[in-house]
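Colleague: With chain G held as given, fit chain B onto it using these hints.
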Amino acid sequence: MISIEELKAIREKMQPTLGLRDDTKQTRIVVGMATCGIAAGARPVLQALTEEVAKRQLKDVMVTQTGCIGLCRLEPIVEVYMGDEKTTYVKMTAEKAKQIVASHIVNHQVVTEYTIGANE
Amino acid sequence: MKELSLNVLDIAENSVRAGAKHIDVAVAEDTAADTLTISVSDDGCGMDEALLKSVRDPFTTTRTTRRVGLGIPLLQEAAQATGGDLSIESAPGRGTRLKAVFGRSHIDRMPLGDIASTIATLIQCNDDREWTYRYSIDGRSFSLDTRELREMLGGDVALSTPDVVNWVRKYIAQNTKELNGGNSV
Chain G
1 MISIEELKAI REKMQPTLGL RDDTKQTRIV VGMATCGIAA GARPVLQALT
51 EEVAKRQLKD VMVTQTGCIG LCRLEPIVEV YMGDEKTTYV KMTAEKAKQI
101 VASHIVNHQV VTEYTIGANE
Chain B
1001 MKELSLNVLD IAENSVRAGA KHIDVAVAED TAADTLTISV SDDGCGMDEA
1051 LLKSVRDPFT TTRTTRRVGL GIPLLQEAAQ ATGGDLSIES APGRGTRLKA
1101 VFGRSHIDRM PLGDIASTIA TLIQCNDDRE WTYRYSIDGR SFSLDTRELR
1151 EMLGGDVALS TPDVVNWVRK YIAQNTKELN GGNSV
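Protein sequences, first through last, are from chains G and B.
First residue of the first sequence: 1, per my numbering; consecutive thereafter.
First residue of the second sequence: 1001, per my numbering; consecutive thereafter.
Derived by calculation from the structure, the hints in this document are not laboratory data.
What you are looking at is a predicted structure, and each value in this text was computed from that prediction instead of being measured.
In this text, a Cβ means the ideal position worked out from N, Cα and C, and glycines have one as well.
Check before you lean on any hint, since a few could be wrong.
Covered stretches of chain B, going by a simulated chain G footprint (3 or more residues, C-beta under 8 Å) [stated by the list, open to error]:
hint: 1; region: 1104-1111
hint: 2; region: 1119-1133
hint: 3; region: 1147-1159
hint: 4; region: 1162-1170
Derived pair list, reagent style DMTMM-like, types lysine to aspartate or glutamate, alpha-carbon separation capped at 25 Å [to be verified]:
hint: 5; chain 1: B; residue 1: K1002; chain 2: G; residue 2: E51
hint: 6; chain 1: G; residue 1: K8; chain 2: B; residue 2: E1049
hint: 7; chain 1: G; residue 1: K25; chain 2: B; residue 2: D1163
hint: 8; chain 1: G; residue 1: K98; chain 2: B; residue 2: E1151
hint: 9; chain 1: G; residue 1: K98; chain 2: G; residue 2: D60
hint: 10; chain 1: G; residue 1: K86; chain 2: G; residue 2: E120
hint: 11; chain 1: G; residue 1: K55; chain 2: B; residue 2: D1114
hint: 12; chain 1: G; residue 1: K59; chain 2: B; residue 2: E1049
So here's chain G without its partners, still in its complex pose:
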């Protein structure tokens, strides 16, 4: 049975990295989570991104949400902010989201075929 004590283990695991955070190097992965995004399947996309970031123990990567950006027909939408670059991915699925973590976040290779430019 899972217990709240497990959080202490997570805390201990995180401890060595806590002082080393560098916000200027932080990558932000943002998922559109308004009514339109949620109805289109944003929650499993956010979940897949979070699981993949945890599994790979990626540091300085933050997964969070935004509201409706006015392109409801292309939801679920994921935006990646890395350095000065912003990449917008459209019509995401959990599978595609995992690919983005592996290719874009880890190996710095944009997955062009899923970007808004390739879909509009």
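Modeller: Just chain B, lined up with the frame of chain G:
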């Protein structure tokens, strides 16, 4: 929306936008009364009478990008389709309490679905608020309180840390299963 837990994810965001510091989400099943009740309560800015009256109208929204808002109308429709209803109590400065009651065994009741992911997502994306979640079935219940999680994590590990988010999801999923014997809600 294919599951009620997605409606919860959607409408809880209204509480965040209302500037709530503490948001309480509860799911209660009562097999004798044949009801499933979802409530979301917050200590946010609340609504005046005029907004409260019009909030079920799809053409009422507080956002400025477009003139439709479907969160509450969709939830109300889902509840009414099962012989239930939606009620909202609110006043300026006094927070908002929303309650949706569903006919539990009604054929048109959507499944609750992955409520564990919904709560984990809400905490992850709004880790500057305090959240409580309670699930109960026929009087037996379990609950989760972000203040207790913070205490375990110490001051320096954020609730939005991916490892913590995954733990929250597993914790809720397992406890829900424990209480309802693994039956899908």
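Colleague: Taking the hints in turn, state whether each one holds.
Modeller: Verification of the supplied hints:
Coverage of the region 1104-1111 of chain B by chain G is violated [criterion: at least 3 residues with CB-CB distance below 8 Å; count 0]. For a cut-off of 8 Å, the count of residues in the region 1119-1133 of chain B with a CB near a CB of chain G stands at 4, and the three-residue condition holds. Note: the region 1147-1159 of chain B has 7 residues with beta-carbon separation from chain G under 8 Å; the three-residue rule is met and the coverage holds. By the rule of at least three residues with a Cβ nearer than 8 Å to a Cβ of chain G, the coverage given for the region 1162-1170 of chain B holds, with 8 such residues.
Simply put, K1002(B) and E51(G) have alpha-carbon atoms about 23 Å apart, close enough for the 25 Å limit, and the pair holds. A distance of roughly 46 Å separates the Cα atoms of K8(G) and E1049(B); the hinted pair therefore is violated under the 25 Å criterion. Restraint check for K25(G) and D1163(B): the C-alpha separation of about 20 Å stays at or below 25 Å, so the hint holds. At most 25 Å may separate the alpha-carbon atoms for a hinted pair to count; K98(G) and E1151(B) exceed this at roughly 32 Å.
Annotation: proposed proximity of K98(G) to D60(G) holds, straight-line Cα distance about 17 Å (limit 25 Å). For the hint linking K86(G) to E120(G), the alpha-carbon distance of about 17 Å falls within 25 Å, and the restraint holds. At most 25 Å may separate the alpha-carbon atoms for a hinted pair to count; K55(G) and D1114(B) meet this at roughly 21 Å. Simply put, K59(G) and E1049(B) have alpha-carbon atoms about 47 Å apart, too far for the 25 Å limit, and the pair is violated.
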